[in-house]
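Enquirer: One line per chain: the protein sequences are A and B, in this order.
Just so we're aligned: the first sequence equals residues 1 to 483 in my numbering.
Just so we're aligned: the second sequence equals residues 484 to 900 in my numbering.
Simulated from the structure, these hints should not be mistaken for lab results.
A hint or two may mislead.
Dumping the calculated BS3-like pairs for lysine-lysine here, alpha-carbon to alpha-carbon at most 25 Å [as the list claims (entries may be wrong)]: (1) Lys392(A) - Lys156(A); (2) Lys563(B) - Lys214(A); (3) Lys864(B) - Lys627(B); (4) Lys64(A) - Lys156(A); (5) Lys156(A) - Lys706(B); (6) Lys272(A) - Lys295(A); (7) Lys706(B) - Lys214(A).
Spelled out, the chains give:
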Amino acid sequence: MLTASQIAGLRASVGEGGLITGPSQLQTYECDGLTNFRVMPEAVVLPRSAEQVQAVVRLCARYKIPFVSRGAGTGLSGGALPAAGGIVISLARMNRILNVDLANRQVVVEPGVINAHVTQRISAQGYFYAPDPSSQSVCTIGGNVAENSGGAHCLKYGFTVTHVLAIDVVLPSGELVQLGSPTLDTPGYDLPGVFVGSEGTLGVATKITLRIVKRPEVVQTLLAAFDSIHAAGQTVSDIIAARMLPSAMEIMDALAIQAAEAAVHAHYPVCKGLLLVELDGPRSEVDALMLAVQKLCRNNGAWEIRVAQSEQERAMVWKGRKAAFAAVGRISPNYIVQDGVIPRTALSHLLDQIDRLACAAGLRVANVFHAGDGNLHPLVLYDQAVSGQEEKALELSYRILRLCVDHGGSITGEHGVGKEKQEALGYMFSEPDLATMQLVRCAFDPENIANPDKVFPRPRLCAEKPGPYTPHPLETAGIAEIF
Amino acid sequence: MTTSAAFTLEQGAARLAAIVGAEHSIVRGETIVAAPAGVQQVAEVLRFANANGLTVMPTGSGTKLGWGNPVVPDIKLSMKRICQLRDHAWQDMTCTVEAGCSWAAMQAQLREHGQMVALDPLWPDRATIGGIVASNDSGALRLKYGGLRDLIIGMTVVLADGTVAKSGGKVVKNVAGYDIHKLMTGSFGTLGVIVEVNFRLHPAEEHSRTWTAVAPNGAGDAKLFAEPLRALMDSLMVPSSVQLRISRNEFALDVRIAGLAECLDEYGASLQTTLGDFPIVGWAQNVWSAREQMFDDEDSVVLKIAALPAEICSISAELYQWSFGDGRDVKVLAQATGLMTVAIEATPELVPALVERLRARVHEFGGSVVMLQIPDALRGKIDVWGPDQGSGALMNEVKRRFDPGRILNPGRFVGNI
Numbered sequence: 001m002l003t004a005s006q007i008a009g010l011r012a013s014v015g016e017g018g019l020i021t022g023p024s025q026l027q028t029y030e031c032d033g034l035t036n037f038r039v040m041p042e043a044v045v046l047p048r049s050a051e052q053v054q055a056v057v058r059l060c061a062r063y064k065i066p067f068v069s070r071g072a073g074t075g076l077s078g079g080a081l082p083a084a085g086g087i088v089i090s091l092a093r094m095n096r097i098l099n100v101d102l103a104n105r106q107v108v109v110e111p112g113v114i115n116a117h118v119t120q121r122i123s124a125q126g127y128f129y130a131p132d133p134s135s136q137s138v139c140t141i142g143g144n145v146a147e148n149s150g151g152a153h154c155l156k157y158g159f160t161v162t163h164v165l166a167i168d169v170v171l172p173s174g175e176l177v178q179l180g181s182p183t184l185d186t187p188g189y190d191l192p193g194v195f196v197g198s199e200g201t202l203g204v205a206t207k208i209t210l211r212i213v214k215r216p217e218v219v220q221t222l223l224a225a226f227d228s229i230h231a232a233g234q235t236v237s238d239i240i241a242a243r244m245l246p247s248a249m250e251i252m253d254a255l256a257i258q259a260a261e262a263a264v265h266a267h268y269p270v271c272k273g274l275l276l277v278e279l280d281g282p283r284s285e286v287d288a289l290m291l292a293v294q295k296l297c298r299n300n301g302a303w304e305i306r307v308a309q310s311e312q313e314r315a316m317v318w319k320g321r322k323a324a325f326a327a328v329g330r331i332s333p334n335y336i337v338q339d340g341v342i343p344r345t346a347l348s349h350l351l352d353q354i355d356r357l358a359c360a361a362g363l364r365v366a367n368v369f370h371a372g373d374g375n376l377h378p379l380v381l382y383d384q385a386v387s388g389q390e391e392k393a394l395e396l397s398y399r400i401l402r403l404c405v406d407h408g409g410s411i412t413g414e415h416g417v418g419k420e421k422q423e424a425l426g427y428m429f430s431e432p433d434l435a436t437m438q439l440v441r442c443a444f445d446p447e448n449i450a451n452p453d454k455v456f457p458r459p460r461l462c463a464e465k466p467g468p469y470t471p472h473p474l475e476t477a478g479i480a481e482i483f
Numbered sequence: 484m485t486t487s488a489a490f491t492l493e494q495g496a497a498r499l500a501a502i503v504g505a506e507h508s509i510v511r512g513e514t515i516v517a518a519p520a521g522v523q524q525v526a527e528v529l530r531f532a533n534a535n536g537l538t539v540m541p542t543g544s545g546t547k548l549g550w551g552n553p554v555v556p557d558i559k560l561s562m563k564r565i566c567q568l569r570d571h572a573w574q575d576m577t578c579t580v581e582a583g584c585s586w587a588a589m590q591a592q593l594r595e596h597g598q599m600v601a602l603d604p605l606w607p608d609r610a611t612i613g614g615i616v617a618s619n620d621s622g623a624l625r626l627k628y629g630g631l632r633d634l635i636i637g638m639t640v641v642l643a644d645g646t647v648a649k650s651g652g653k654v655v656k657n658v659a660g661y662d663i664h665k666l667m668t669g670s671f672g673t674l675g676v677i678v679e680v681n682f683r684l685h686p687a688e689e690h691s692r693t694w695t696a697v698a699p700n701g702a703g704d705a706k707l708f709a710e711p712l713r714a715l716m717d718s719l720m721v722p723s724s725v726q727l728r729i730s731r732n733e734f735a736l737d738v739r740i741a742g743l744a745e746c747l748d749e750y751g752a753s754l755q756t757t758l759g760d761f762p763i764v765g766w767a768q769n770v771w772s773a774r775e776q777m778f779d780d781e782d783s784v785v786l787k788i789a790a791l792p793a794e795i796c797s798i799s800a801e802l803y804q805w806s807f808g809d810g811r812d813v814k815v816l817a818q819a820t821g822l823m824t825v826a827i828e829a830t831p832e833l834v835p836a837l838v839e840r841l842r843a844r845v846h847e848f849g850g851s852v853v854m855l856q857i858p859d860a861l862r863g864k865i866d867v868w869g870p871d872q873g874s875g876a877l878m879n880e881v882k883r884r885f886d887p888g889r890i891l892n893p894g895r896f897v898g899n900i
């Protein structure tokens, strides 16, 4: 519980209009896109400048008040779940694009700028900002930095970290530092490299210098329908073996297609495995490679191949794919989105195993994945109203993650660990691996106040030795549970 | 041997011999050279060193040992015996390689499946994976494929206390946990010993061509290249590499484009159109070794300047002007990424003022000037790394957490970390 003087301190930091303490308004901030966990923050501040963020964080540091920074709250792993007894720092009002420097292919933004707005600002000049998470029309660059967001096109263009040159960060002490610089290879440790993807546990980004990319001469998108998801997967392997690097390769299974059709009428062919391949680059090269891709599709039994003939057709193809998560709501009352990664070659085997597990649990799993980089998004469908089904669905989704690790993959390709996958991180990494990561955490945040109790299986204090798991106070109080 | 050590050099070598074998623990001058055979031996050596306060310098083939501040370690940890390509999952386009493997040996094996780690570091025949990663070296391919930050997907390191830690993994897309491998990349062996690296791979550039353009009428002004360079970078072409070579003997712009064989003629024609009246005069592939040649004269000072891409022509022009003073010569190799390598021949007393001037120049936009090669006469007279750019205290704290006893390459890195 914050004291009256602490509330007053926050008010002085951000002004009356920048402070929320009313319970009904606070409710907006009690969770992010992962709604299983909810914690009401003590207060929410909406700073308008780095100085205001500093003032807030200094106050938090003085009184050891935990803080969680938040962009648009679209995260799917609970990264922006408030800390009990803590405050939320919403960066929504720091939403200015500060500088566009086309000559150096850079854009400087505040953290609350919406991802898609960066591209909108520079598209007339022929440039774009490459990371394109499905939520890009609402998610913010600050959130992307926290999660190291990817998207469908990171197969070719890389992730958020590929596109971040410099970050101004308010450290958990309240000090403002610049990590990296607008030029490459700033002498010293690659602190921006480790800050990106640290899920808000190392400080608050207040200004980000982004690399932008020249828009390719042409973009061609192909849809191919197969009788099995394995045939679609084999085609992906064949494309890679033919030394091509498409900008995106996506696969959807029958359930996911059905859901996307119900939601946005993308006019996908009705099939068991739908492959989407996008190539971009110089026209002559893309034309030749697209013919080669079509041949590989046919070799693997594709019975319908469509190449989008206009920008509108292409947009519609992507609309269906990007809407897939939400669309599953049309065919199931509840669902869990997972985010595992496997080596591409394990795809067929893993899908068989998922099938078996789903059958055994009596549940349906829709599969949507970034096939080029092995990033699976199994959607476990269930009905909360049916007693015991949610528990089964959760267990199934975690068994899928463990399978990914068993196949040499990862528990998260782009959604982050957050609150949701803390225990799974312990399955993926050994105690010494995690202890090494904690050294970074302790260097940045020795008091453990920046988004505490996230990412790691059990946050330890910086002077504490490794020990057995003990329940978090939130669990003991029945406010949240680890699953 | 550190004066506080409880034993002599020979006794220390004998203790290490018990870990790595007698023939792999040798006394050379004031240093023990120990060559462990695997990650567990690396961990044991470090535990021993840490417990006894002995300083350690991890080494590969030693091609870049002169970079950074000099360190005379108690133990040189040679990684030469840990040198295998452990795994090439070519269908997944990833590989796992040990730190002591030479760059060229790794690439030769990857090429068997038409793949590569898309980076062209210095001295690939000798330089090792560990040394290249620890110094964050990169060449002209960086324009298209990015640097090591973008190519490394996982790593195994041994910390000063012998902890063996992994980060990342063997899949390209992975946001689980902190990316310790990014922290280790470019840390000059001050945070841990890199034992194994996982790379993402790219298709090898089966067909590529290099075009070299010069200024019209042989004009000798680097600033003239600014406009064709801008036009090229703003065009729809996708070059793998673009570099500017400036010296008293040459003013040249090199462009390499890879693609389908049947497209290369078309790219050449487009390039000539884009460059306007800057004629293409050559097609030699060997221009890409120009960066290595900067280091040929051991008496030269070699600088790495990190500039904004749009500034490289004007900085090159300034350096060219400077070279006309008495007893001076300058060669500039500027990449379109903004990274420049500059070789300077001059009497040592002229160099500090030039470096300070350059630092002031690039500081305006956040750039940096690092002295990679420096004659002994200048050692100690100028900071090879340049001033703290604002996060020095945080870096020191990271170092303190990872290596509280300061045994790993103490003093070598930025701010004497």
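Enquirer: Are the hints correct? Go through all of them and say.
Expert: Do the hints match the structure? See the list:
The suggested pairing of Lys392(A) with Lys156(A) is violated, with an alpha-carbon distance near 37 Å, which exceeds 25 Å. Pair hint Lys563(B) plus Lys214(A) does not hold up; C-alpha atoms about 42 Å apart against a cutoff of 25 Å. Taken as a hint, the Lys864(B) and Lys627(B) pair is broken in the structure, with Cα atoms around 38 Å apart against an allowance of 25 Å. Annotation: proposed proximity of Lys64(A) to Lys156(A) is violated, straight-line Cα distance about 43 Å (limit 25 Å).
Taken as a hint, the Lys156(A) and Lys706(B) pair is broken in the structure, with Cα atoms around 33 Å apart against an allowance of 25 Å. At most 25 Å may separate the alpha-carbon atoms for a hinted pair to count; Lys272(A) and Lys295(A) meet this at roughly 20 Å. Note on Lys706(B) and Lys214(A): the hinted pairing holds, with a Cα-Cα distance of about 24 Å set against a maximum of 25 Å.
In summary, the numbered hints that this structure violates are 1, 2, 3, 4 and 5.
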